[in-house]
Amino acid sequence: MDEDQTPSPEETLRIIERQEAATFRQLVPNPLVVYTPWGLAWIVGFVTYFLATGLDGTPIVTIPWQVCFAVLMGAQVLAGVVMGAGLSRSSLQIKGRSSQQGMMYGFAWFVGMVAMGAIGSHFVTRLPDSEIPLLFTTVSLLVVGVLYMAGAAVWTDWRMFLLGAWTAIVDGVAATVGGGLAYLMIAVLVGGAFTAVGIVYRHRAA
Amino acid sequence: MTSVELDPVIHAQARLRVVVALSTLREGDRLSFPSLKDLLEMTAGNLSVHLSKLEEAGYVEITKTHKGRTPVTYVALTRRGRAAFEDYKAAVRALLDSAGGTA
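Heads up: the sequence lines are chains L and R, in that order.
Under our numbering, the first residue of the first sequence carries the number 1, and numbering increases by one thereafter.
Under our numbering, the first residue of the second sequence carries the number 1001, and numbering increases by one thereafter.
So here's chain L without its partners, still in its complex pose:
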């Protein structure tokens, strides 16, 4: 079609709809890239902790804590890389209010996680060894849940809000329950939710 041609009203509506959808796909990050990698990382990482802890305190599989830690961290680093690669591929160069919001939100994650690390490192010295990973897990997931809810408030995204609220609630219950069951709950309920939401709401090809 000639670019300067004047389209019929029907064509005009179709052009508007198609262009809106195409722009939207570029503006809104693909949930498959934003949620699912983290969900999978948490399933892998926390199932490992669960197996190493067991339901009644007897390990199901003997896994040294260093290995558990490395599996969880490695999976999360991988998730971050996958998300970063996916986001940079589709992101439009935007300047203005949105870019400031994005920058502040990014810093909020950084500051929140660093502060969480400092607080956790201070208190773990008074905890029995078995409780240490649970403290770091639940406090960091609290940061995740709260920041998801805050991000949802910035971008008016109810899906994101519910995911954040769900994370914080499961996290609170898991901390209360404790032990291996806490890891299993987080793996299945939080990891599962992130994985599923990303897959269900993924961007479909035009």
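Treat the hints with care, as some may be off.
As the list claims (entries may be wrong) - Dumping the calculated DSBU-like pairs for lysine-lysine here, alpha-carbon to alpha-carbon at most 30 Å:
id, chain 1, residue 1, chain 2, residue 2
1, L, Lys95, R, Lys1067
2, R, Lys1037, R, Lys1053
3, L, Lys95, R, Lys1037
No lab work stands behind these hints: they were computed from the structure.
Following the hints, position chain R against chain L.
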């Protein structure tokens, strides 16, 4: 006979797509020229021509800044451009409705 006039600045396939893409941005946001070019799959020359027409009409605002030493051009719909697009959409709908009524 059509009693509804469609804004000739917007009513050309290429410029319509430019306006739609920019209208999807939130107010206060600007899109870089290269991003817009990739999004619309237009050549730089072609896009420039259409942007000048839209700028002449006061529908888009073009700002040139520097990122380090490379100049970057950002494009945004003006308030007037946004209003014109709303009117345009309403006019298209009115045309479709009247066509449906008489056909």
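We went through each hint and held it up to the structure:
1. With a C-alpha separation of about 12 Å, the suggested pair Lys95 of chain L and Lys1067 of chain R falls inside the 30 Å cut-off, and the hint holds.
2. Distance restraint check for Lys1037 of chain R and Lys1053 of chain R: the Cα-Cα separation of roughly 16 Å lies within the 30 Å cut-off, and the hinted pair is therefore satisfied.
3. For the suggested pair Lys95 of chain L and Lys1037 of chain R, the alpha carbons sit about 16 Å apart, so the restraint of at most 30 Å is met.
When the structure is compared with the earlier hints, no violation turns up for any of them.
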